[in-house]
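J.: Chains as they are written, first to last, in my numbering: chain A, 1 to 442; chain B, 1 to 451; chain C, 1 to 254.
Take these hints with a grain of salt, some might be off.
To be verified - With a cut-off of at most 30 Å between alpha-carbon atoms, the simulated BS3-like pairs for lysine-lysine come out as follows:
(1) B:Lys159 x B:Lys86
(2) C:Lys67 x B:Lys372
(3) B:Lys159 x C:Lys18
(4) C:Lys67 x C:Lys18
Just so you know, these hints were derived from the structure itself, not from any lab. Remember, predicted model here, so these are calculated numbers, not experimental data.
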Amino acid sequence: MAWLQSLSPDTETTLWVMLIGAMTNTACALLGCYLVLRRMSLLGDAISHAVLPGLVVAFILSGTLNVGYMFLGALAVGLLTSALTETLHRHGGVAEDAAMGVVFTSLFALGVILIKRYGSGVDLDPGCVLEGLLEFVDLNRVEVAGHSVPRALVSIAPVLALNLLFLVVFWKELLVSSFDPALATTMGFRAGLLHYVLMALVALTTVASFEQVGSILVIAMLIVPGATAHLLTDRLRTMLGLAAAIAVASAVLGQLAATRWNTNTAGMMSVVAGMFYLAAVCFSPRYGMLSVLVGNFRNALTIVREDLLAMLYRLEELAAERPLGPREAIQAVGGGVLATLGLWSLARRGEIQRDHSAVRLTERGRRRASQIVRSHRLWEAYLVRYLGLPLDHVHEPAAHMEHYIGGRLQEQLAADLEQTGTDPHGRQIPHGEPPPASGTAE
Amino acid sequence: MTFLTWIVLIGTSLLGSVAGVLGCFAVLRRRALVGDLLSHAALPGLCLAFLVLGQRHFGGMLFGAFCTGLAGVGLVTLVCRWTRTKEDAAVGIVLSTFFGAGIVLSSVIQNQEGGGAKAGLESYIYGQAAGMVLQDVLWIAMVSAAALVVVVLLFKEFKVLSFDPAFARTQGWPTLALDLAMMGTLALVTVTGLPAVGVVLMAAMLILPGATARFWTERLGPMLVLSGILGAAPGTIGTLLSAGVVAGWLGFDPLAFGPTATNLPTGPLIVLSGTALFLFSVLFAPRRGAVARLWAAARLRSTTARENLLRTLYELSEPRLPDRPAIAVEQLLTHRAWRAWQARWLVRWMSWLGLVERTPEGARLSESGLGKARGLVRTHRLWERFLIERADIAPDHVDRDADMIEHLLGREIVDALEERLAAQGGPRDAVPQSPHEIRRTKDEGRMSKDK
Amino acid sequence: MPPPPLEIHDMTVAYHRKPVLWDIDLTVPEGSLVGIVGPNGAGKSTALISVLGLIPLASGRVEIYGKPYARQRHQVGYVPQRESVDWDFPVTAMDVVLMGTYGRLGWIRRPGAAERHAARLCLAQVGMEAQADRQIRQLSGGQQQRVFLARALAQDARIYFMDEPFAGVDASTEQAIVRLLQALRDGGKTVIVVHHDLQTVADYFDHVILLNMRLIASGPTATTFTHENLHKAYGGRLTILDEAAEAVRRGPAP
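With the sequences and hints as input, model every part of the structure.
T.: Structure follows, in structure tokens:
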């Protein structure tokens, strides 16, 4: 940690910023998971813009920047945004996204106008609403139980606690109304009521954090950690935990990076969160692009291998005079890197023997090949027998299906077909020893 | 009006107009928030261009913004296709991350020596319409012209792409290229508008005119023209308000509220003018507007009440037709869920219309009222018979059902009904017998008194 | 005589004022397996969700065991159409089945060991114990349907409503589901199923409701599922009914 101190002249400030960032981010990320799952992510975006006039009106009416009044103002406008969007959508016939766009941008414009007129005595600046002044969080202090702590901590800590409490107490109701609103309604849980409570919490969280961290970070944290966690897990509990972890990590890493490059902290935290998402998109073990690509590649390789084996088997059947050379074999299954790789891996698995002039099946390879050819011919027979396909139409689909028909399906096919000695073309259907366990056929 | 005001006026109107036209497609494709996405995602491009070029180069910065904006839209498409992330979340992620990166970069620029002022980045985020110069307007005019040319040339293609992309693909249109063209044009307009109205409000300029125009027309061509106009109008109004021109005309400042008297920024005023037009349309547009719909509902209720009175009078007088006996109001009340004052008021109204005659005993049908009532009863009973014979609904249920529908059946449907029933040997043009018993009254004697 | 499990009086249902179901009036006897049958767009699913109070009725009333639905929620189990589910939602088969117990628990109380045990039994009943911890996307179509069926079982209701439970499932799952439904019926429950396969109606159901925008017939399968009634239900729509519905949507004729 020595380098940390060398980067930051004031470790205490750094730690405060990290702590407040982490708390804000977590408060947002927890609610955000539900927004993402309910496909309402953009309502979070809308509300965090729209609270601006609520804050100004609260200031005008109360004459102070008291946190309580600010909460009330933001709460009112947050609910108003949601209600107006819904009214315009339901009763005005405006598409939902357009309704939301109209409502929040108009409210934001109203907020800017109001600030210009009334904001002179306040440090309400649309600029800091967007970008936040997280790096100066340390300067604005209050006394709590004899300790001097940043004011932002006093406003965000209760909100974080409230959000946590809400999620714990209404866990079951939130789950069922997010997953299946119709079921929730038939069970007597008012899905609409929960929706508005959720919106109210989003508004509260926004206003608790806007002054210090800025609304752009709120938007980022409402959506990004939840969406990232959703790419990584299939359990809601884990998803919430991961989202919180990502939120905290974004705060810590964002602050370090911002200090390192002397730039805006809230912006850097959003960027770090975005990087986490990008990483999840690419490398998520199950849903990432990379694993999808690798999976596709492995499937393609298996298919090419099986095609090679089946081809060599058929050549043996025909008792060809001259053995196939490696180059010809590769050409015969489409050529290219994939086929070359397929041939190489077959040799490595000991299913073929190859030298410069010839590729031959080993005993092991022959057994596997016979399984594939058996699948192919059984399927051909099945297509002719049950789907009534003409003889010249069955090879193509069978060539596709042969890679997917495993041992159990083979048995079922064989049982369904009256005679399994030959395929519809009159060629022998090889008899199956138990297929070696590998390949896509499982 | 000063020359500078004229410049700003022309600039914002043009911008509003072309943003409105292109925004229409976004609104129709249920992608209204793509404007929000584009304008947020443009920020890092602006900053990068500034960092690379090292100076405030208008064209270069716009190009940077255009690139990152489009990249943002592309990323959303990519993420939606490849991962389980849904579109709304994808938009939010790209928007916030790109904007966050923009803020980071702009902060880097500001920390360079005097860089912030040079870059004028503030104006891109919050908008500074009043700072427009002739050159900006020329640029806006060029972009607008180009965008309009694209829309005119590709009108048909954009139409089918917006309405039914799957169909467009089956018809062999290059939907990806078309989509790119549409989004590219949209991005061009968006980044052009950023310095004038800023990030958040640019999104409003793209959505508002389209959403407003949708209330007034059901066709795409007129909708585009209309949203062009509905985009230009707030631009004009907002600029005039902001420059104090309206205050000059009126002799007082309509926006004089609050403790400070600074000039209000143009961007928010433009957007709020647009919002006012939108709200006006929500309320007062013919057919789709709230008032029109409430009015139609009220008219239906009053027609229903009037026709029910005529039919009730007819059915109560039926045994003694063609005489037109007077019916006591109290008797009407036993047949309809009216309150006494409603029934009396209804009778008075109908007598004013000449369909009912008021007598000391109550009310009776007038000559013209009888004719009209006969038509109504005919429709009612035809519909009842249809329900019984064709829709297998029990005779004791049809009355209430026919009650609801009879006021709405058009001429053609009634004719068709008659055709169908006549084919089974029913009488034409006459009032058919009621298929169910009509409960007239227990004391028929009272009706016979007035004879 | 105890009130019947489901009684519908004069139910008319409208979307945006346009009636899609006219004057449904029927009673379902206790302890029967009921099929709602009719052509596409006949309003079968609409009838189901309006009985469950998910869309408001234009007129009429629905009674479950003699009382309005809102007071009988705990007597009712519901299996939605598969298309309406977000399969990416982070829940396991077990979580979904546990949701069936939520209605009984009411607000705030959390499912405990007893509910978990009950849910596990329900999963076992549909033969899905082994897949309890799988995320729902990773199940096959038939397995997904079984999970939702298990959820309905966990609701421990007296009357079940199921929207096309056989849609997109394989033949063996269909058989398993039918056996389960019959077992429910034999246990004295009433099961109402939206069904579209005419071939199997006579085999599966004791009682049939034929719909096509209006009630064609309702009664025991033997006497109701007749050629004549089918002809009425499938013999084309009543164009005038369509036009009249359209007229209602448009508002008064000028």
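J.: If a hint holds in the structure, say so; if it doesn't, say that too.
T.: Status of each hint after checking the structure:
Only pairs whose Cα atoms come within 30 Å are accepted, and Lys159 of chain B paired with Lys86 of chain B is accepted, the gap being roughly 25 Å. With a CA separation close to 44 Å, the supplied pair Lys67 of chain C and Lys372 of chain B exceeds the 30 Å bound. Distance hint between Lys159 of chain B and Lys18 of chain C is fulfilled; the C-alpha atoms sit about 29 Å from each other, no more than 30 Å. Distance restraint check for Lys67 of chain C and Lys18 of chain C: the Cα-Cα separation of roughly 28 Å lies within the 30 Å cut-off, and the hinted pair is therefore satisfied.
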